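J.: If you want the building blocks of each chain, they are given just below.
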Amino acid sequence: MAYSKMVEKAQKPLKAKVSLLEGEDILTASQFNREQLSVIMNSAAYYEKALAKKKILRDMDGKIMAALFFEPSTRTRLSFETAMHRLGGSVVTVAESAKAQTSSTAKGESLHDSITAVDKYVDIIVVRSPIKGAAEIAANAAEHPVINAGDGAGQHPTQALLDIYTILKEKGTLNGLTIAVVGDLKYGRAPHSLVELLSLYDCNFIFISPKELVMPKDITEKLLSKGLKVEETDNLLKAAEKADVLYITRVQKERFSTAEEYERVKDSYVVDDSIVEKGKGGMLILHPLPRVNEIAVSVDKCPGAAYFRQAGNGVFIRMALLTLITGNLL
Amino acid sequence: MAYSKMVEKAQKPLKAKVSLLEGEDILTASQFNREQLSVIMNSAAYYEKALAKKKILRDMDGKIMAALFFEPSTRTRLSFETAMHRLGGSVVTVAESAKAQTSSTAKGESLHDSITAVDKYVDIIVVRSPIKGAAEIAANAAEHPVINAGDGAGQHPTQALLDIYTILKEKGTLNGLTIAVVGDLKYGRAPHSLVELLSLYDCNFIFISPKELVMPKDITEKLLSKGLKVEETDNLLKAAEKADVLYITRVQKERFSTAEEYERVKDSYVVDDSIVEKGKGGMLILHPLPRVNEIAVSVDKCPGAAYFRQAGNGVFIRMALLTLITGNLL
Amino acid sequence: MAYSKMVEKAQKPLKAKVSLLEGEDILTASQFNREQLSVIMNSAAYYEKALAKKKILRDMDGKIMAALFFEPSTRTRLSFETAMHRLGGSVVTVAESAKAQTSSTAKGESLHDSITAVDKYVDIIVVRSPIKGAAEIAANAAEHPVINAGDGAGQHPTQALLDIYTILKEKGTLNGLTIAVVGDLKYGRAPHSLVELLSLYDCNFIFISPKELVMPKDITEKLLSKGLKVEETDNLLKAAEKADVLYITRVQKERFSTAEEYERVKDSYVVDDSIVEKGKGGMLILHPLPRVNEIAVSVDKCPGAAYFRQAGNGVFIRMALLTLITGNLL
Chain G
1 MAYSKMVEKA QKPLKAKVSL LEGEDILTAS QFNREQLSVI MNSAAYYEKA LAKKKILRDM
61 DGKIMAALFF EPSTRTRLSF ETAMHRLGGS VVTVAESAKA QTSSTAKGES LHDSITAVDK
121 YVDIIVVRSP IKGAAEIAAN AAEHPVINAG DGAGQHPTQA LLDIYTILKE KGTLNGLTIA
181 VVGDLKYGRA PHSLVELLSL YDCNFIFISP KELVMPKDIT EKLLSKGLKV EETDNLLKAA
241 EKADVLYITR VQKERFSTAE EYERVKDSYV VDDSIVEKGK GGMLILHPLP RVNEIAVSVD
301 KCPGAAYFRQ AGNGVFIRMA LLTLITGNLL
Chain L
1 MAYSKMVEKA QKPLKAKVSL LEGEDILTAS QFNREQLSVI MNSAAYYEKA LAKKKILRDM
61 DGKIMAALFF EPSTRTRLSF ETAMHRLGGS VVTVAESAKA QTSSTAKGES LHDSITAVDK
121 YVDIIVVRSP IKGAAEIAAN AAEHPVINAG DGAGQHPTQA LLDIYTILKE KGTLNGLTIA
181 VVGDLKYGRA PHSLVELLSL YDCNFIFISP KELVMPKDIT EKLLSKGLKV EETDNLLKAA
241 EKADVLYITR VQKERFSTAE EYERVKDSYV VDDSIVEKGK GGMLILHPLP RVNEIAVSVD
301 KCPGAAYFRQ AGNGVFIRMA LLTLITGNLL
Chain F
1 MAYSKMVEKA QKPLKAKVSL LEGEDILTAS QFNREQLSVI MNSAAYYEKA LAKKKILRDM
61 DGKIMAALFF EPSTRTRLSF ETAMHRLGGS VVTVAESAKA QTSSTAKGES LHDSITAVDK
121 YVDIIVVRSP IKGAAEIAAN AAEHPVINAG DGAGQHPTQA LLDIYTILKE KGTLNGLTIA
181 VVGDLKYGRA PHSLVELLSL YDCNFIFISP KELVMPKDIT EKLLSKGLKV EETDNLLKAA
241 EKADVLYITR VQKERFSTAE EYERVKDSYV VDDSIVEKGK GGMLILHPLP RVNEIAVSVD
301 KCPGAAYFRQ AGNGVFIRMA LLTLITGNLL
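As you go down the protein sequences, you meet chains G, L and F in turn.
My numbering puts the first residue of the first sequence at 1, with every later residue one more than the last.
My numbering puts the first residue of the second sequence at 1, with every later residue one more than the last.
My numbering puts the first residue of the third sequence at 1, with every later residue one more than the last.
Derived by calculation from the structure, the hints in this document are not laboratory data.
Please note that a few of the clues may not be correct.
For identical chains, the list gives no copy identity; a pair is met inside one copy or between any two copies.
Dumping the calculated DSBU-like pairs for lysine-lysine here, alpha-carbon to alpha-carbon at most 35 Å [unchecked claim]:
#	residue 1	residue 2
1	Lys53	Lys12
2	Lys17	Lys55
3	Lys53	Lys132
4	Lys226	Lys9
5	Lys53	Lys15
6	Lys120	Lys278
7	Lys54	Lys12
8	Lys120	Lys49
9	Lys12	Lys49
10	Lys5	Lys55
This structure is a prediction, so every number in the text was calculated from the model and none was measured.
Okay, chain G solo, but in the shape it has when bound:
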């Protein structure tokens, strides 16, 4: 992949801009305005450029981040930890397994109490929980800034930020694009947050899903009320022919009332070479990962297959957030 022009031109954001995020918690994708998003994107590009030039950064020197992962999410956790280390900061980690309880939650302690104590130790808290609303409880308990790294069926705002950073970098703009979102649009946290952010720009949407898993009405209506175009279909190929961006998510078996129903539809939402071939030229393929079989492995080598680059972008976005909300973008 060519070194993106956006990254090449990236400059340190102006002080006045940086302060737009200082002291904020990052809880939902809906909390941002376009000016804040612009600062975050610029800061991410600024850090990406610095790392590409092998700069050793010390913006978070002497600072400590708590990574409290009350459910497993290796990629997200390592991405946050990497971001903190790349900034010269330190990390303390709770990484619970799906089955075991390694933390004091095993002793019946409330999340509020846990966070209140850890908040005395560290400078910033990243929290991941299987429970919706956990990040907000954490933010209320903590005096230091809190970042939501996913709270169950709730939000995962840093995923949405890295998604739009990837689109911006690879397409050069967030306006005038046709964004096709595929998979479980009813329950999918990633599609909801992505669409929320993109609704601040001038995009057209195509939503592709089995009928059991269509995008909730309130979301499509909100988009329409903003004057954005929305198309709903269950035909992936037709959507691909028009899509500048194809955002894939998983369709989980558990969402269907019968196994037959699942078997019937599952292959309709797999991106393979024929979809790429017949899809729009330069189509960008994104996926929040982990993929199971929604994208054929053979697609990985296509120039538009950006899902692993997308994962890598998470580090730059998280570096930006860590320094912006703690006021340490130096």
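Given the structure of chain G, go ahead and fit chains L and F onto it with the hints provided.
T.: Below, chains L and F without anything else, positioned relative to chain G:
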């Protein structure tokens, strides 16, 4: 909370004083004399002041601490790790869950062998184990200093040190105070160690517990033989009226022979607003955490509710210990 | 133990030598030639000397190592992490327990995808897996160098490297030695890799095992074809009388068809004081650890009992590998 006078006046301890702890293991609350305690308290205050002034410390630069937590204890582990990072040091961690065995103990290796090997890697070892006596085994195996972070029914000396640091900071003295200790006084590791340390000062004690869980005779007799006053009661309110410090611990259901017995007494040992209201003016409320329901959440906002500040003090105490015993308080 | 002459004389390897390993993955013991081994040993000694002189190194400043341990191996993991910290680098860790799945493998993600994503974050990847071939999959997925920290029945090359480093340091040479290898020689990953490396030097071998667990024919034949002497026996004592190095490994109950068979042989392969007494003068005793009962605890105090020093040497070998393959030996 106002910035404590003690912290404000804190100076780096004199070289001669610092060397009082060098090379020592920290295994029990009973190992300290008053001069050593004084050095630890001063050093903790010195570090607290440095951090409050945003100083970036490098006292443990290039040093590595092993945090070997063979049972979960998130708060204690993160507090130690934070302390090491705040000093510019590095950390390697074993954090076992309650149910899973992630370490080589799963292969049948003895604790002695594990520690002997890890001792070749690092500069200081912090060990937490569900087994009484584990810290002493570790100290015998290791050439580097070992800190006991809790060994089952045994000791948890750094908890006791942060407890008295909190009292000293908030009350300005450790003498002339009436200390009320509430809860499971028979089995409670925290109450035993706290009383052990405070017995070096001129304190009066009130022990409040159900009759099944009274303080062991040998402890009360030792206090009496030193000329300290001891009162035993099952009436929390009466104790609160006289207490300068109310130290709460949990009464666990499993300690009672019948569920009825537990149900009968459990509410007698809960600190709520009425206890605070009727309690002595300026009464300090402490708890080693995690709390389950021994303190009503509404109490958290009282000025005397110091249990979260107490948790935060753990970092300063552990910074002091890490540098004192390795000879790195610079 | 006296400070080894080899370490005392260690110098930084010449630039031309250092580049022999740059960009390489470390996957098997068989990948090295003698010149590469010589660079690794020299570099390890160079780092050992630097640490003995309390130098604070920054060779990996700003670099991040991922320690991906998909099965527990505390000693190996902490050794790698310590090595990285001693070089001034940072570490992100996945430490799965034997029973729990804490990583995204729980979501059905392929190892290839996991590594491809993590490779975007970090500068070097260390991977441990219960599955043979996992390290090679990782190396194919990653652009950054990968080190195999053990892949099931496959390879554990850094163990073999630290084994021969220990022999070289303690015996002063790798030539002209009689190496006795004891235990499960059929399945043992450590014996196979050790013999592989030593076959590059001029050594004689004695293989001691129950008949069920003899060294595979292809290995002994390869040694013989190189003109090296090989003796096979089930008599530990006779072997010890001639051995310069006694390398012990565990005989696992599960390897035997009947419990009686195991009971019959197990005590024949235990090194105790009488073996040490009757063994060759200056005999070096090694063990990859963890030991269960293959070596009596009373042997630990013998001058030749080098297994804990051997564990400590793992840090120097891993420091050497980390900097050599990333081109950061400064």
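J.: Go through the copies and call it for Lys53 and Lys132: within, between, both or neither, with a Cα cutoff of 35 Å.
T.: neither (40 Å within a copy, 37 Å between copies)
J.: From the Cα coordinates, with 35 Å as the cut-off, is the pair Lys17 and Lys55 best called within, between, both, or neither?
T.: both (23 Å within a copy, 27 Å between copies)
J.: Up to 35 Å between alpha-carbons, please classify Lys226 paired with Lys9: within, between, both or neither.
T.: Close inside one copy (32 Å), not across copies (60 Å); limit 35 Å.
J.: Under a CA distance limit of 35 Å, which applies to Lys53 and Lys15: within one copy, between copies, both, or neither?
T.: both (23 Å within a copy, 23 Å between copies)
J.: I want to check one pair: Lys53 and Lys12. Are their C-alpha atoms no more than 35 Å apart within a copy, between two copies, both, or neither?
T.: Answer is both; intra-copy 14 Å and inter-copy 27 Å each pass.
J.: Between copies, within a copy, both or neither: which fits Lys12 and Lys49 at Cα up to 35 Å?
T.: both (10 Å within a copy, 33 Å between copies)
J.: Between Lys120 and Lys278, at a C-alpha cutoff of 35 Å, which is it: within one copy, between copies, both, or neither?
T.: Between copies, since 29 Å is at most 35 Å while 56 Å is not.
J.: As a check of your reading, is Lys54 near Lys12 (CA-CA no more than 35 Å) within one copy, between copies, both or neither?
T.: Cα proximity of Lys54 and Lys12: in one copy and across copies (16 Å, 24 Å).
J.: For Lys120 and Lys49, with the copy left unspecified, which applies at a CA distance of at most 35 Å: within, between, both, or neither?
T.: both (34 Å within a copy, 15 Å between copies)
J.: Give the relationship of Lys5 and Lys55 under a CA distance limit of 35 Å: within one copy only, between copies only, both, or neither.
T.: within (19 Å within a copy, 39 Å between copies)
Of the numbered hints listed earlier, the single one contradicted by the structure is hint 3.
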